[in-house]
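Asker: Take a look at the letters that make up each chain.
Number of protein chains: 2
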Amino acid sequence: MDANKVPDIVVSRLPIYLRALNRLAEEGQKVISSQALGDQLSISSAQIRKDLSHFGEFGKQGTGYVIEYLQAQLRRVLNVETVWPVVLTGCGALGRALANYPDFHSEGFEIVALFDNAPHKIGETVANMCIQDVVHLPEVVREREIKVAILAVPASAAQKTADILVEAGIRAILNYAPISISVPPEITVQHIDPAVYLQWMSYYLESPD
Amino acid sequence: MDANKVPDIVVSRLPIYLRALNRLAEEGQKVISSQALGDQLSISSAQIRKDLSHFGEFGKQGTGYVIEYLQAQLRRVLNVETVWPVVLTGCGALGRALANYPDFHSEGFEIVALFDNAPHKIGETVANMCIQDVVHLPEVVREREIKVAILAVPASAAQKTADILVEAGIRAILNYAPISISVPPEITVQHIDPAVYLQWMSYYLESPD
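Chains as they are written, first to last, in my numbering: chain W, 1 to 209; chain E, 1 to 209.
These are computed hints drawn from the structure, not numbers from a lab. For each residue, glycine too, the CB sits at the ideal point set by N, CA and C. Check each hint, because a few of them may be wrong.
[Stated by the list, open to error] The list that follows gives simulated cross-link-like pairs (lysine to aspartate or glutamate, EDC-like), each with its CA atoms no further than 16 Å apart: (1) W/Lys147 to E/Glu206; (2) W/Lys160 to W/Asp133; (3) E/Lys147 to W/Asp133.
[Claimed, not checked] Label-pair ranges, simulated between beta-carbon atoms: (4) E/Ser42 to W/His120: 35 to 41 Å; (5) W/Glu124 to E/Pro7: 25 to 31 Å; (6) W/Phe55 to E/Leu41: 24 to 30 Å; (7) E/Ser42 to W/Arg76: 23 to 29 Å; (8) E/Ala72 to W/Lys30: 50 to 56 Å; (9) W/Gln61 to E/Asp133: 48 to 54 Å; (10) E/Pro7 to W/Lys30: 48 to 54 Å; (11) W/Glu139 to E/Arg142: 51 to 57 Å; (12) W/Ser106 to E/Pro7: 16 to 22 Å; (13) E/Pro154 to W/Asp8: 42 to 48 Å; (14) E/Gly28 to W/Ser33: 52 to 58 Å; (15) E/His136 to W/Ala118: 35 to 41 Å; (16) W/Lys30 to E/Val31: 34 to 40 Å.
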């Protein structure tokens, strides 16, 4: 199957399905219908069935999905059957919060190295890791064959740091800097900008006075 | 115009267009074609024209969009012509980083009150605001008619805090807690879960090993 044929919007929903299934499994549930899953996520059951049909036949009419099986299939599709090592650049308040984020490992990711360029931060320990000088980033990324990075630097440093990451061999960047970055087309970027999400929500609010 | 008729996926792209236009305006640009805007955002020009056509005729064939005019129209559509006051609950590392986020005000939002339930945090000053006991949240939200909240509490406290927010009159919640929350259907929630974005990207990576 050509992965490129699946619309990106469908791919974007798979982690949300997986997260819901993980929670159901933790609660001890074994099977769920597309209807019940859709009700939880405010997504239509038809949409869920259509999304999953891109990747195979995972449920049976009338019995629903076996949760453990669907979890395993989604982990396979999303390439998180193993754990990806991740570098985090930018150890300000946000970077530190992310370094201590509890759930990355169970989701298929592990932050393995922290970088900053501020001399007073280098050498400091955060989440049991020593903050390293960003000049050492390329060798760490190459030696450990790291493909995923989290960018939590200020806007002013974002593009320069992204260039270093791409040059070092990073293929996927989760960008928390409050600015868009330019990368070659083969690099995947997700930009987490709280203002974008706030504006998406304010669309649905009635205007204040 | 019935706002409910515009697909949510279209609404989700409007803040991204606005962010790009804001940056172009800062750089002194006056006009942009849908093609050039699309190239910047990796979105087709046809998609941009179709998205914007839900809200009016904003550009002319051959001349493109007048940036200042389109910014103003998108601000109107997104309900960010004025600044929404926002409460932030949970003043751990992530909450503090968000309280100090530089760009909320220019995007139409301003964090006006911070809350936590940890006695040793209450009274502390972050971003020129005094952290208040969460028991005072309902009165602050009601008195100042606040509709938007950012939830940056641990997973274990997320649902309980969300219930307090909804009961107090909050209509839109930006959820940074690493867990889904249940709210009544009239409340808008955006969930920012880094693991979801990392998995969305790992789909496009070749498997390790």
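Asker: Run every hint past the structure and note whether it holds.
Answerer: Here is how each hint holds up against the structure:
no. : hint                             : verdict
1   : W/Lys147 to E/Glu206             : holds (10 Å)
2   : W/Lys160 to W/Asp133             : holds (15 Å)
3   : E/Lys147 to W/Asp133             : violated (42 Å)
4   : E/Ser42 to W/His120: 35 to 41 Å  : holds (38 Å)
5   : W/Glu124 to E/Pro7: 25 to 31 Å   : violated (46 Å)
6   : W/Phe55 to E/Leu41: 24 to 30 Å   : holds (28 Å)
7   : E/Ser42 to W/Arg76: 23 to 29 Å   : holds (27 Å)
8   : E/Ala72 to W/Lys30: 50 to 56 Å   : holds (54 Å)
9   : W/Gln61 to E/Asp133: 48 to 54 Å  : holds (53 Å)
10  : E/Pro7 to W/Lys30: 48 to 54 Å    : violated (34 Å)
11  : W/Glu139 to E/Arg142: 51 to 57 Å : holds (56 Å)
12  : W/Ser106 to E/Pro7: 16 to 22 Å   : violated (33 Å)
13  : E/Pro154 to W/Asp8: 42 to 48 Å   : violated (31 Å)
14  : E/Gly28 to W/Ser33: 52 to 58 Å   : holds (55 Å)
15  : E/His136 to W/Ala118: 35 to 41 Å : holds (36 Å)
16  : W/Lys30 to E/Val31: 34 to 40 Å   : violated (58 Å)
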